[in-house]
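Student: Could you slot chain B onto chain A? The hints should help.
Number of protein chains: 2
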Amino acid sequence: MSKLRCQISISLDGFAAGANQNEENPLGEGGERLHEWAFPLAAWRESHGKPGGEVNESTRIVDESRANIGASVMGRNMFGPVGGGRWGDEQWMGWWGEDPPYHHPVFILTHHPRDPVEMEGGTTFYFVTDGIESALEQAREAAGGKDVMLWGGADVVQQYLAAALLDELELHVVPVLLGDGARLFDNLEDAGVQLEQVRAVEAPGVTHLKYSVVR
Amino acid sequence: MSKLRCQISISLDGFAAGANQNEENPLGEGGERLHEWAFPLAAWRESHGKPGGEVNESTRIVDESRANIGASVMGRNMFGPVGGGRWGDEQWMGWWGEDPPYHHPVFILTHHPRDPVEMEGGTTFYFVTDGIESALEQAREAAGGKDVMLWGGADVVQQYLAAALLDELELHVVPVLLGDGARLFDNLEDAGVQLEQVRAVEAPGVTHLKYSVVR
Numbered sequence: 001m002s003k004l005r006c007q008i009s010i011s012l013d014g015f016a017a018g019a020n021q022n023e024e025n026p027l028g029e030g031g032e033r034l035h036e037w038a039f040p041l042a043a044w045r046e047s048h049g050k051p052g053g054e055v056n057e058s059t060r061i062v063d064e065s066r067a068n069i070g071a072s073v074m075g076r077n078m079f080g081p082v083g084g085g086r087w088g089d090e091q092w093m094g095w096w097g098e099d100p101p102y103h104h105p106v107f108i109l110t111h112h113p114r115d116p117v118e119m120e121g122g123t124t125f126y127f128v129t130d131g132i133e134s135a136l137e138q139a140r141e142a143a144g145g146k147d148v149m150l151w152g153g154a155d156v157v158q159q160y161l162a163a164a165l166l167d168e169l170e171l172h173v174v175p176v177l178l179g180d181g182a183r184l185f186d187n188l189e190d191a192g193v194q195l196e197q198v199r200a201v202e203a204p205g206v207t208h209l210k211y212s213v214v215r
Numbered sequence: 001m002s003k004l005r006c007q008i009s010i011s012l013d014g015f016a017a018g019a020n021q022n023e024e025n026p027l028g029e030g031g032e033r034l035h036e037w038a039f040p041l042a043a044w045r046e047s048h049g050k051p052g053g054e055v056n057e058s059t060r061i062v063d064e065s066r067a068n069i070g071a072s073v074m075g076r077n078m079f080g081p082v083g084g085g086r087w088g089d090e091q092w093m094g095w096w097g098e099d100p101p102y103h104h105p106v107f108i109l110t111h112h113p114r115d116p117v118e119m120e121g122g123t124t125f126y127f128v129t130d131g132i133e134s135a136l137e138q139a140r141e142a143a144g145g146k147d148v149m150l151w152g153g154a155d156v157v158q159q160y161l162a163a164a165l166l167d168e169l170e171l172h173v174v175p176v177l178l179g180d181g182a183r184l185f186d187n188l189e190d191a192g193v194q195l196e197q198v199r200a201v202e203a204p205g206v207t208h209l210k211y212s213v214v215r
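For the protein sequence lines, the chains are A and B, in the order given.
Sequential numbering of the first sequence, starting at 1, is according to my numbering.
Sequential numbering of the second sequence, starting at 1, is according to my numbering.
This is chain A alone, in the form it adopts within the complex (with noise of 0.2 Å):
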């Protein structure tokens, strides 16, 4: 059965992004200190067109993560800035320019109803109107048997989590402490999740940790 899968970087505090998201800070104060670990990589960066780069313990992580998947889900604030200013703008195709890191059909969930804008290097967007559940059906078709990708907002991840959606959780745990923001486990008390931890792999500047949802 294919799986919906979620990776996600978070600081030690808990936090997605940092506080005050923005168009010209997508990733919010501090945000980006929660990705450095990935940016050095040979893997990471050969997924975004770029030459050389590091192989360490990561490495088999972020291959792994990448393996099987199908199809991508995300939230509309990973494809376009927060408050939507572009939104309107059909020019605007995503933060990755001209051959976005997906190369599979991706699910953008949002209120703002458009074309599928097909990209160079094999990604497609689609945009969502009519939810979650939605989302990650026309995901899983598109996958052709093969896992879904949650890519986040934390929003998301914790929509589809509430709806017991989620089968795997993947957290690259940065030693950062970013005190406001948007809290990955948030919106949860009600919603019995429970966990069961798979691994947890010690790399440079990040822990991976991989847990399992319990149905």
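In case anyone wonders, no lab produced these hints; they're calculated from the structure.
A quick note: this is a predicted structure, and the numbers were derived from the prediction, not measured.
Be a bit skeptical, because a hint or two may be false.
Note: identical chains are not told apart, hence a pair may lie in one copy or across any two.
Calculated lysine to aspartate or glutamate pairs in the EDC-like style (CA-CA distance at most 20 Å, straight line) [claimed, not checked]:
| # | residue 1 | residue 2 |
| --- | --- | --- |
| 1 | K50 | D99 |
| 2 | K3 | E168 |
| 3 | K210 | D13 |
| 4 | K3 | D147 |
| 5 | K210 | E57 |
| 6 | K3 | E98 |
Tutor: This is chain B only, laid out in the frame that chain A set:
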């Protein structure tokens, strides 16, 4: 130089105790789940005067956490019930019975002066009413060159972190979402705390994450 070290169990969503801590439920709602990884261990049972138990990847973490410790500091809620109902009762000797698992001097932060209490097995409780710096100074002197262990709760860890007095922090991260309670990393927005990841150890039902605090 003698270090101030802290080791504390937290839920994956960052709570060191559950909601509604009180005399009947000192760990708060669901709080006992934070410590279940330790209870089966021979290393834990031995320090609590119990025979038998398991050996697993957590054993060396527990052993190490006790090595080279000459004294402890803890918040008042770790010694007596929240609300302090029993603080007036000079018969209250803490949660641990006649032979507490510390076996060294323990300095308790409180606003209620009380004479020191000598227990069996080498534990003596001292009650410190003049602040965290004083408690640490007294503990360092009592430790005779060994390290000092800071036990919590969350509010006390925050105070030592904010005052740049903590050297080492080991988190036992448990795959539980409590949703509410005493958040470990709170009230630190302006403290500028910087951490370096020292190591991560996967063990049954818990991951041990160790950090040093950058001065």
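Student: State for each hint whether it applies.
Tutor: Now the hints, each set against the structure:
{"no.": "1", "hint": "K50 with D99", "in the structure": "within (12 Å within a copy, 62 Å between copies)"}
{"no.": "2", "hint": "K3 with E168", "in the structure": "within (8 Å within a copy, 39 Å between copies)"}
{"no.": "3", "hint": "K210 with D13", "in the structure": "both (17 Å within a copy, 14 Å between copies)"}
{"no.": "4", "hint": "K3 with D147", "in the structure": "within (5 Å within a copy, 47 Å between copies)"}
{"no.": "5", "hint": "K210 with E57", "in the structure": "both (15 Å within a copy, 17 Å between copies)"}
{"no.": "6", "hint": "K3 with E98", "in the structure": "neither (28 Å within a copy, 52 Å between copies)"}
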